[in-house]
Amino acid sequence: MICWMQNINKCIEKMQRAPKLIPLYGHRYIPIVTGVDNPPIFSVYQTDVIYYGIDLENYFRNEFLIMSRSVLDDARNNNEITIIPFWSQFCFYD
4 MICWMQNINK CIEKMQRAPK LIPLYGHRYI PIVTGVDNPP IFSVYQTDVI
54 YYGIDLENYF RNEFLIMSRS VLDDARNNNE ITIIPFWSQF CFYD
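Here the sequence shown stands for residues 4 to 97, numbered as in the numbering used here.
Hint data in this document are derived by calculation from the structure and do not stem from the laboratory. Check each hint, because a few of them may be wrong.
[Claimed, not checked] Label pairs and their in silico Cβ distance ranges: (1) Asp77 to Ile15: 18 to 26 Å; (2) Arg64 to Ile15: 19 to 27 Å; (3) Val47 to Asp76: 15 to 23 Å; (4) Glu16 to Ile69: 37 to 45 Å; (5) Ile11 to Ser73: 39 to 47 Å; (6) Thr50 to Pro88: 15 to 23 Å; (7) Cys14 to Leu68: 36 to 44 Å; (8) Phe63 to Thr37: 21 to 29 Å; (9) Phe67 to Asn12: 36 to 44 Å.
Note that the structure is a prediction, hence the values are computed from the model and not measured. We treat Cβ as the ideally placed atom computed from N, Cα and C, and that holds for glycine.
When you get a sec, could you build the whole thing from the sequences and use the hints?
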């Protein structure tokens, strides 16, 4: 996140190049990224951005079948979630 503090013009440029998010349901979005067939689903609410599904199928299970989020948590812990330029950086707080 240090890059955000360096130069406002660079920030604007990065935001303009960010993959577009298509709304799915509520605050859930799917990114449109060339070359990524099954991207993760993000929950975006104001400044809070988190992964909400490792892919569309996992998202539907989490959202509508009230399944455990353990698959998502395991994938995140094992670095098995597809990294999406711009958006994924908000999901890591180290």
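How the hints compare with the structure:
no.: 1; hint: Asp77 to Ile15: 18 to 26 Å; in the structure: 36 Å, violated
no.: 2; hint: Arg64 to Ile15: 19 to 27 Å; in the structure: 37 Å, violated
no.: 3; hint: Val47 to Asp76: 15 to 23 Å; in the structure: 19 Å, holds
no.: 4; hint: Glu16 to Ile69: 37 to 45 Å; in the structure: 41 Å, holds
no.: 5; hint: Ile11 to Ser73: 39 to 47 Å; in the structure: 40 Å, holds
no.: 6; hint: Thr50 to Pro88: 15 to 23 Å; in the structure: 19 Å, holds
no.: 7; hint: Cys14 to Leu68: 36 to 44 Å; in the structure: 39 Å, holds
no.: 8; hint: Phe63 to Thr37: 21 to 29 Å; in the structure: 24 Å, holds
no.: 9; hint: Phe67 to Asn12: 36 to 44 Å; in the structure: 42 Å, holds
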